[in-house]
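Student: Assemble the whole structure, with the sequences as input and the hints as a guide.
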Amino acid sequence: MKEKGEMKKVKKVKDKVNDGQDDDPWWWLIQEGIRPSFLCISLFALLVRVAVGLHPYSGAGTPPKFGDYEAQRHWMEITLNLPPKDWYRNSSVNDLSYWGLDYPPLTAYQSYVHGVFLTTFDPDSVALFTSRGYESYLGKLLMRWTVLSSDVLIFFPAVLYFVLVYRSMRFGMGQNSDVAWHIAMILLNPCLILIDHGHFQYNCISLGLTIAAIAAALSQKDLVASMLYCLALNHKQMSAYFAPAFFGYLLGKCLRKKNPLLEVTKLVLMVMGTFAIVWWPYLQSKDAALAVLSRLAPFERGIYEDYVANFWCTSSVLVKWKKLYSTQSLRIFSLAATLITCLPSMVQQILAPSSKGFLYALLNSSFSFYLFSFQVHEKSILLPLLPLTLLALEESRSILWLTHFAMFSMFPLLHRDKLVLAYMALYALFILMYFAPCGPGGRCHGTKTLDNTQKTKRSVDFITSITFHPLVMGFLGLCSLILHVIYLTMHPPNKYPFLFEAVIMLICFSQFVLFTFYFNSKQWVLSKHLTSKDKQKKLI
Amino acid sequence: MMEMQESPRTPAVMAQLSWFFGIATIVKLLLIPSYHSTDLEVHRHWLAITHSLPLSQWYTDETSEWTLDYPPFFAYLERFLSMFAHLIDPQIVHLHHGLNYKANSAIYFQRMSVIVSDLFLLYGVYRSTLALASLKRNLIWLLVIWSPGLLIVDHLHFQYNGFLFGWLLLSLSFLAQGRDVMGGFLFAVLLCFKHLFAVAAPVYFVYLLRHYCRGGLVRGFARLSVMGAIVVAVFAAAYGPFVYHGQIQQVIRRMFPFGRGLCHAYWAPNFWVFYIMLDKGIAFLLRKFGFNIPAPVASFTGGLVGDASPFAILPRVTPLTTFIMVLLALSPCLFRTWKDPRPRLIFRLVAYAYTCGFLFGWHVHEKASLHFSIPLAIVAVESLEDAKHYFLLSIVSCYSLFPLLYEAQEYPIKVLLLLLHTILMWFSFSAQYSGSLRGDKKGGEKQGFEVGWVTKSYLIGVVVVEIWGQFLHPYLFGDKLPFVPLMLISMYCAIGILYSWIWQLKSILISS
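Quick note, the sequences are listed as chains A and B, same order.
If you want my numbering, it's the position in the first sequence, counting the first as 1, plus 13.
If you want my numbering, it's the position in the second sequence, counting the first as 1, plus 7.
These aren't lab readings, by the way, just hints derived from the structure by calculation.
Just so it is clear, the structure is predicted and the values come from calculations on it, not from any experiment.
Ideal placement from N, C-alpha and C gives every residue a C-beta, glycine not left out.
Just to be clear, a hint being listed does not mean it is correct.
[Said to hold, decoys possible] Interface residues of chain B toward chain A, partial, derived using beta-carbon atoms under 8 Å:
hint, residue
1, W26
2, I30
3, I33
4, V34
5, L36
6, I39
7, Q416
8, L424
9, L426
10, L427
11, I430
12, F434
13, S435
14, A438
15, Q439
16, G468
[As the list claims (entries may be wrong)] Simulated DEER-style distance windows between Cβ atoms:
hint, chain 1, residue 1, chain 2, residue 2, range
17, A, L166, B, V471, 19 to 29 Å
18, B, Q98, A, F475, 57 to 67 Å
19, B, F478, A, V360, 54 to 64 Å
20, B, Q98, A, N507, 26 to 36 Å
21, B, G485, A, L166, 27 to 37 Å
22, B, S437, A, V526, 20 to 30 Å
23, B, V471, A, L95, 38 to 48 Å
Tutor: This is the structure:
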């Protein structure tokens, strides 16, 4: 087996030599396999992350509330100096109205560990009370390094795990250069880098855990997958965006096994066990657990914030949701809308769980949550983008287009953080990586279509023709380019101070909705195709 | 040998090269807010001088301590840039109000000017690699366009080396092609941008004399006159205006400030490091044996030395000594060139000249190691031995630049740059000399890219020196003896550069 592989490699090298090696400037790296390319790409990705870290963070030098950076630092201060019981409780030592901890316990533990790191090198930066609004050269550096180390320890290994699993899944399909391109697409996703290393957050941890969970699920390690996913969920409650897909896929697989009830019980026990361990300090009394839970669901903050490109915010141009309805009823509306929109993809996975379908289901359920759930941030677009990058080889056109709009939707936020230079550089980096010499990005705009859509092409045809119509794409691309320039150079009219944000939001929203339809139909077409294939197999 | 083949795939090659260049540009853009040295203020002040003063006062102005000390073409370049700077923010080019001006507009403008001027490097590399096979071409791009040393010096520390190396590579590529007039002309221009490049002038002179001015006495003399006229014309264009204003002596005085001492504040890893250490060692031993050795009046850590000798025992080194040493070191290579001037060797010859200048020169900066590591990159792909040598040299030369960035914020950046460079070199050279490839060409001769145990242990030593300097030394000694880690780096890298010098000399002499 191994010999055969080597033979192949040698043959490939020879071919390359004979072809004049002109096609691919990277063949010397990729011919060695995945690991060397992963090593190089991840080192480069790390370099880019460090360089982005040189730029300002959110709320730099803006008292009294500062921004996410101060929130994370404050959590380190709280977790380091107070016992776990007091972390989520308002008290004389913990003023919850000032960046109170509102993420699940795993974030709190992570803050504690990072707090220990900070206090060894710069005790002032996490001293109780006195460190509020603490900003210094060393403090910023140490904080940046905590994000970097989280990336290296969690996100990068998870991506490697996923890529290896994914490659074995599509055995014989992808070339090495495609795999390298895929790694670059995941690791150099500009939105994630900008939010984590520019704006300042720890999305790499929850997203990394999610990727690991996906990889485990794809390699049939369902118990590990459910544990990892629970950890992700316990790091950021936003990971619930993926819950329907995980639920559907894992349940669907259980139902097809010999003893479904036993399998489901195992999974349930695993989930409960993981939760119990993570929540242990708060399980001593009902009040403590409820106190944490109430912190995690900040319903008082309204159905949307700022100008996020989701349904509620966009439709509020026409319907003033906040004035017409109480928060209570809006909660029910949003819950219902989210569930209804993600139901189809979940049902599909329960009925016909498949690896590719699972990835599409992740995409669809996270888009439903982004568009319809309660209290969505601009940054939440990272969650739908994650499965999309995992699907980069299938959806190479969509990833270009959607990353563009994801970036665009975050532009006002990043502009506020003074990250415009990093934004432009990373956008250009993404485009360059996408069109890397001999990567699939350069090729995909040709005539080649996906093999499995040919049969059932007609049903997707309509949506595809709208989403990828060259005229529509050109027009929207031009619009967003002009809007970038206008946003940077002009002041909005006094009467409508948020005019530009609203226009950006409208454009992005329209694309997100269109793609939600597109991906949903893709997922169903996939299942039809698969079932017909199964039937054929049975007949044979 | 390296005949130009204008292949039909030229646009595709340019597109690929631009891709590599684009990636590098993005890293450069992201590095804009990083640490920059006082060189940024130096160049800003030169913008101000050239913009606000008439030409006759450029080299006499003493508003700031950062007086103009580059040759006239560079001053003209600053004048050209200052027109744009004035449009962006007039304060950048204000002679007095602009002093120590640290606004974003100034930093962004100057950083961008370096990034844009790197286009010359792009073209230089493009031209030098046009005739090569695509694998070799790609490797050279990796080594030059993504050179960590250039990134550190130009885009973190702040200088315009990429632009100057573009000129150098252009000139060399013309020479390698056999177009001597163009090569000589470009080198003359380069000299009027930065006179430090003049170390290679003897090599250029001998090479052009023997390669271009041949074919009988009459023809040779005619060609010599043509070349002479060109060089004189270039120098006239540069220095003419200053001669007209009666400033030429002042210009020369500014350009060659020999009052500066043998070594820079941070010792460049060259021969003189050993000389100083030997002096200190002997003095220490003699003191042990009871001799009364007075401590030298001047110290080396100060940078500016003045008249007093910094040596306790060994004879004092003067600029003339270093000049003779450089010429002596150069002489074997000059003889070789005299006997048999070959275009194929020109990259090596020039690189060797810069190595000599680096090792034995007066007041050498650590940045000058780029002068030979960049041209050598072009020939690093020629043979396995070259690859092995370059692998070591480029790591050492990049590592010796580490002390330039001493702040914590840039630490991960420089380490990652060097690491990425090392790994890319390793994989690319391994692929180039993997068994299967060679088997294709030379019939089963298997000889892979691997480094010997000496090189390996030397490179591990680099890691040890770095760990000592960064972690163990501050831990064990605290703030005491702060110069020891720097001295260690200088000495350790000097060993590598000395080895490289000998290796280069050997390779030039035995090449037939």
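Student: Hint by hint, note whether the structure agrees.
Tutor: Each hint, compared with the structure:
1. W26: holds (6 Å)
2. I30: It holds, given that the least Cβ distance between I30 of chain B and chain A is near 6 Å, below 8 Å.
3. I33: holds (5 Å)
4. V34: Status holds, d = 6 Å.
5. L36: Constraint on L36 of chain B satisfied, holds at 4 Å.
6. I39: Status holds, d = 6 Å.
7. Q416: Holds: closest Cβ of chain A sits about 6 Å from Q416 of chain B, inside 8 Å.
8. L424: OK, holds: L424 of chain B within 8 Å of chain A, min 7 Å.
9. L426: holds (6 Å)
10. L427: holds (5 Å)
11. I430: holds (6 Å)
12. F434: holds (5 Å)
13. S435: holds (5 Å)
14. A438: holds (3 Å)
15. Q439: holds (7 Å)
16. G468: violated (22 Å)
17. A:L166 to B:V471: 19 to 29 Å: holds (26 Å)
18. B:Q98 to A:F475: 57 to 67 Å: For F475 of chain A against Q98 of chain B, whose Cβ atoms are near 59 Å apart, the range 57 to 67 Å holds.
19. B:F478 to A:V360: 54 to 64 Å: holds (57 Å)
20. B:Q98 to A:N507: 26 to 36 Å: holds (31 Å)
21. B:G485 to A:L166: 27 to 37 Å: At roughly 31 Å between Cβ atoms, L166 of chain A and G485 of chain B fall inside 27 to 37 Å, so the hint holds.
22. B:S437 to A:V526: 20 to 30 Å: 50 Å Cβ-Cβ, so the 20 to 30 Å window is violated.
23. B:V471 to A:L95: 38 to 48 Å: holds (43 Å)
Hint compliance for this structure: hints 16 and 22 are broken, all remaining hints hold.
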